[in-house]
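Enquirer: We have chain P already, so just place chain U on it with the hints.
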Amino acid sequence: MKRLGKLKISLRLVIMIIIILAGVAPTVFVSLALVGSAISKDIDSSSIEMQSQVLIMADQLQSDDYLSHANTSSMNAVIDQIADIWDGRVQITNSAGRIVKDTYNVDRGRYNISEYVMRALGGETTSEYDDASKMFAIAQPLYSPTETVLVTSEEEIESGAEEVYQPALKGAILVTVDMSRRVTSLSQLQNQSYLLWLTVLLMMLMISVLVLIYVFKPYRRLISQLEHAQQGNADRIDVDTYSETARISELVNQSLQRTQALDRSRREFVSNVSHELKTPITSVRVLADSLNSMEGAPVEMYQEFMQDISKELERESNIIDDLLSMVRLEEGNVSMNISEVEVNTWLEGMLRRLSPIAKTSEVEITFESQRSVVASFDEPKLGRVVINLVENAIKYNKPGGHVHVQLDADYHYFNIRVDDDGIGIPEEALPHIFERFYRVDKARSREAGGTGLGLAISKQIVNMHHGSISVKSVPGEGSSFMMIIPLEYRENPAEAGEEDLEEMLQKEDRVLEDEVLRIIDGQEDE
Amino acid sequence: MKKIIILSAVLALTLSLAGCRGEEEIKVYNLYYTNSQATRLGSYTYESTTDDRLALVGEFFESMASISEDSGVTIIPSGVRITDLGFSGDILVMELEGSLEGESASRQLMFYSGATRAVAQLDSISGLQINLNGSGVTDVNGYPMGIMRTSRFVNNAVDDPEDYRESEVSLFFANAAGDRLIKCPASVAYRSSTPIERVIVEKLIAGPAANNIDGAADGAVTPTLPQGLTLLGINIKDGVCYVNLDDRLIKEATTAHDDVAVYSIVNTLMQLDTITSVQITINGVSEITMPMGQINLNQPFVFNEMLVEMSAQDSSGQ
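Residue numbers (the working numbering), protein chains in the order written: chain P, 52 to 577; chain U, 93 to 410.
So here's chain P without its partners, still in its complex pose:
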């Protein structure tokens, strides 16, 4: 479809016009060229023949010394014949321009003042085809076979030049032929061409109609299938007659699948969410119901049950909070609060806050840092990620286990690594752990107070910083999470590489400075 303002032109019309033109244009062009060249070829060859004839005749006239006895010469019959054969006119003038012979027998005795004769009397031979009047004219001077004239002037002779003689000019011969009749009959060919063009036009019209009907069938099929798909009545498009339609079908199918997948994941999300939200509510319900059904329950029981209810409600609240964060993060409705952070102290602070939980789970947390790191990032958000990773490391661990946190950096990035020797993650689960609501062991997660959204949120936050997060794990031996974050937050990651040379050098200086300081102070972190 092509738009032409408000009017939509069909591809079929365009192709029809092309086919018709492809047939008609060459025909027209060739026939015009052929007729045109036929005409000019004919004129050319006739001209050449006539010129040589006139040359021969002039020679004969000269040998005959025609102009000395024009009335009685036997050449007159020959001249008449030549004029007849060419269907033209021969005039012969004397040296004064007076016509002594005219095959039309009308202008004898008159003076021919045409340019051809004038020039011939001056010794010039001319032949010309005048396209406007369709007349062909040749004029030639006629010389005496015996008389000569002296050409060299008196002065030249006196200064010693040789005497040069030339034959005396006695007159001129003019031959004119009207080519218009010949041209007319040739251009009648043109009229027949018109009939040919019409025939070709009709033929091409028919061919184009047939072609369109047959060739365009698959496109019509494609359109109707697409309509079905759009209304939701079809899952797949399949028109593989042409490579183009096959490709279109393929792409449309991919698009359809993506939409279907999206639909599916949406439905899944909704069902997951409702399930997650309902679970704590159900527990609360159960607890409340059992309390209600019990008569004369002791206060301690009420207290215990209320604590349980409180916990469940907190869990529900956490789930809802996480959900909201998740959705907001995904929609991009969050602003980044970038601040410069001294990462070592920051990490140490967070780990300190987590030590009570660690102690309860009988897990030891250790922190190791290679260097002092200062970076700019959204502190609350990344903090959440760190807490999530460390909490997971504690949760999915056994009593007496260890959690080891490492910090390192290079010129562009800093990385935080969280290793644990806990229960690990099975190989088949590894690709999915960052997915929403994915839990390897549902029961364990619930007990540990998980919402199933932690890693998904963490991954989202890391992505927003244009960093990366990855995991390695051996079931039964432990897991290792690595997050890599750019030192300088840049909104457009494409510019991440274009650091100011000065800034880069400054950063290098800082790192070197720290190295030197460390060596000088002899500090070595445990």
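Just so you know, these hints were derived from the structure itself, not from any lab.
There may be inaccurate statements among the hints.
What the hints assert, rightly or not - Covered stretches of chain U, as calculated for chain P (at least 3 residues, CB under 8 angstroms):
(1) 120-131
(2) 160-166
(3) 201-214
(4) 226-239
(5) 338-344
As the structure is a prediction and not an experimental result, all values here were calculated from the model.
Even for Gly, the Cβ is constructed at its ideal location relative to N, Cα and C.
Expert: Then chain U, alone, in the frame of chain P:
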């Protein structure tokens, strides 16, 4: 520039002499020049209000003598000058002094033809006589030119707009019934490069209406030949005019009377002095019997008086 000066001088003179005698009519004339080799005659326009023919031709020659270099070369040869202009009846007599010796034939002819054409424009002048040093001029061979009229000079190589001929001829068309011929006078214009015999046969084919013949419109005079008929060739040899037509003459005959068709051609052509008889062929073949069976074309024809309808036109003279 000089033209304008002459014009305004004449105008001023006339106005001052005549007082307020009303507007003078400006007439436009053609005057002539040539090229440096004197092989071509060119024309330019000249305006004047002068009425008196003597004064006017004086102006003509003054203008042509003083043509500017970038416009062309004057037709008046450098070896002569005009000393007097006068009239002998309606012949202009020009007196020259000087010499034409050494002038080429073409230069002389440019002079004679240009001067003749220029003066012959005036209705009151019918010819030009040029005298050099008291005696009449000759051509380069010594042949006396005598009184020169425009017909003396022909320019008939290619189409010269001033060289169209007009002739009064008689065309024989059919009567309303189609069984008799009517002699119709007609005026035909044609290029001098086309022979007259071809012209009149083609006019015959065109029909009476195309030739503005009286009576064509109301069917009193009808065509004798089919309109699409093509004259393939026409020659005159030893008085016999050979006319070669295409076969439409038979296939698309306009009249039931073959003899009327054939003799319309013959009678029309016989008016030319050079023709004593007419031989008709169709596509080169003469052994043909016309469809109505009345005529065989295998012999030449002469004027047929019996087929001609006597009418008032005829009896009142040719």
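Enquirer: Are there hints from earlier that the structure breaks, and if so, what are their numbers?
Expert: 2, 5
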